[in-house]
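Novice: From just these sequences and the hints, can you work out the full model?
Protein chains in written order, with our numbering: chain A, 1 to 95; chain B, 1001 to 1474.
I should point out that these hints are in silico values taken from the structure, not numbers from a laboratory. All C-beta atoms in this analysis are idealised placements derived from N, C-alpha and C, irrespective of residue type, glycine included. Heads up, some of the hints might be wrong.
Stated by the list, open to error - With beta-carbon atoms standing in for the labels, derived distance ranges:
id, chain 1, residue 1, chain 2, residue 2, range
1, B, N1247, A, V93, 28 to 34 Å
2, B, K1032, A, S56, 55 to 61 Å
3, A, V49, B, K1390, 16 to 22 Å
4, A, K62, B, D1026, 31 to 37 Å
5, A, S53, B, N1093, 30 to 36 Å
6, A, S33, B, E1277, 32 to 38 Å
7, B, D1330, A, K10, 22 to 28 Å
8, A, Q40, B, N1412, 21 to 27 Å
To be verified - Looking from chain A toward chain B, a few residues come up when the C-beta cut is under 7 Å (computed):
id, residue
9, S15
10, L31
11, Q40
12, E75
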Amino acid sequence: MKIDKNTINKIARLSRIKLDDKESEDYIKDLNSILDWVEQLNEVNTENVEPLSNISSSILPKREDVSNDTNSSEEILENAPDKLEGFFAVPKVVE
Amino acid sequence: MSKSSLKQTLKDLDTKKISIRELNQDYLKRIKENENLNVFIHFSEENVLKQIDNLENDNSAKKLKGIPIAIKDLFCTKSMPTTAASKILENFNPTYESFVTQKLLDEGSIFVGKTNLDEFAMGSATNTSFFGNTINPLSKENEPLAPGGSSGGSAAAVAADLCLGATGTDTGGSIRQPASFCGVVGIKPTYGLCSRWGIAAFASSLDQAGIFSHNVEDASILLQSIAGFDQRDSTSAKVDIPNYFENLDDDLNGKTVGIPKEYSIDGTPMEISQIWEDAIKVLEKKGVRIKNISLPHTKYALPTYYIIAPAEASSNLARYDGVKYGFRSDEIDSLDEMYENTRAQGFGKEVKRRILIGTYVLSAGYYDAYYLKAQKVRKLIADDFNKAFKECDFIVTPTAPSAAFPLNEKQNDPIKMYLNDVFTVPASLAGLPGISIPFGKDKNNLPLGIQILGKHFDEQQVFNTAVSLERSYE
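Specialist: Structure representation (structure tokens):
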């Protein structure tokens, strides 16, 4: 068992997702079975293999170094659940 | 069933055999008759009529003027809400248009609605949507079938003839597998051909936009319309986009097809092995050389994918925090409480599962064992294809290991659901273009799909092979 109660609580906390006890139990089961299944990758010899993070075969093109100035704060705030005087609003963080 | 093609419709509009209004009224009628399929998350007749009005007053020539297109609800659209089939984006109204949908608007197409999908494109049956299942239009009464996923709504929209084409996205098979299940054509182009700008991100190193259509010719027309370089997506490729349709050539004489032995998997239904053999025979008759190839790391593609995709998803979905847009929980005693409750209530079960697994494989102490290992195996999988393409021009395989299955059949076993992508995931990891075309039926008369894979940016060869097989099958 790679994932136990402590581990699931830790990763739920890192993910900022609250889990109830029933959910924790279900995910412990699911995650363990998925991790057991991906274990088969250990059969593959990857010594001296470079990790592949970008499959794109094209070279990143450069763009011209020109400045542009847009003020879209209104647009950006349009979908905010709560906003105040041009800012996103959240529950109080400092006492 | 005789469905009009995009190609024919463009001719009919051009010769005034039919007006834009008449054409779209016809589609609106069918959309309303098929509401039970739950194809659309957002549909507004008023919005469609407004688009018709605008186009009637527009005298400029446009390539797709008046053509009804359905948009997967993962593409941000200014004129319609965008939900990614998630409660967390239930009330999101983008203030910008995605690259792909902007291209389609510039060409004069009409958006009939936003189609259903698995939540954040995570699924293979369109059954993880917050807005309920989509039903495969080929289902018999009282035996609802899954349309595949994640782009199940778009595949179903084309299959039920509710549009002349639809956009989809494909991360591990999300265009090709539903195309196979619904009996339509679906193409995922090379990674980087279409800009990802304005598409809700799932796994950024794999996500790619593509097209569903009634036939290969139509797909070739539509793909050209949505492809192109965009500096807002740093992985967007600066390549020339050929006129795929004009260049279509069904003469395959002298070409070589690669048949990977690793795609003969135990437990694959006979009928699927049969259509694969049939397709090979057809190609042979057309003068194509058959080359048996080996892609030795194929069996590791799925576990590799199910480390990389959730890892990237856990990072991409961190943005949904109840601050900037979308849903925010009412239980917000502190900032952390707000995050945790918003995400607990806003995400569905499969999305949470993938965020958790992704967070785990990226967490301190496990990164090397899982994520880095998976990236190395990914390199070996990509190298397999590079080697194989030295010996062949394209590769032909089945698209999916089964025909459409009953709704909810595999709901409780995530790994069983993940196996749906066994034939589509390897090419996704390698960034290759792939198309699924209907090719044969199973014993229940459900369509089966053949997948054609090509070299990077060789969509033309993929289309040529596809049109050749399609014409021999009709």
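Novice: So, for every hint listed, does it hold in this structure?
Specialist: These are the hints, each one checked on the structure:
Remark: the range hint 28 to 34 Å for N1247(B) to V93(A) is contradicted by a beta-carbon distance near 59 Å. Between K1032(B) and S56(A) the Cβ separation comes to about 42 Å, which falls outside the hinted range of 55 to 61 Å. At roughly 19 Å, the beta carbons of V49(A) and K1390(B) sit within the given window of 16 to 22 Å. Take K62(A) and D1026(B): their Cβ atoms lie about 48 Å apart, and the range 31 to 37 Å is violated.
Between S53(A) and N1093(B) the CB atoms are about 34 Å apart, so this pair conforms to the stated range of 30 to 36 Å. At about 35 Å, the CB distance of S33(A) to E1277(B) agrees with the hint of 32 to 38 Å. Roughly 27 Å separates the CB atoms of D1330(B) and K10(A), a value that falls within the hinted 22 to 28 Å. A beta carbon spacing of about 22 Å between Q40(A) and N1412(B) agrees with the range 21 to 27 Å that was offered as a hint.
A distance limit of 7 Å between C-beta atoms decides the matter here; for S15(A) the minimum to chain B is near 5 Å, and the interface restraint holds. About 6 Å separates the beta-carbon of L31(A) from the nearest beta-carbon of chain B, less than 7 Å, and the hint is met. Satisfaction of the interface hint for Q40(A) is found here, the shortest Cβ-Cβ separation to chain B being roughly 6 Å, below the 7 Å cut-off. Here the hint on E75(A) is kept, as its CB sits about 4 Å from the closest CB of chain B, short of 7 Å.
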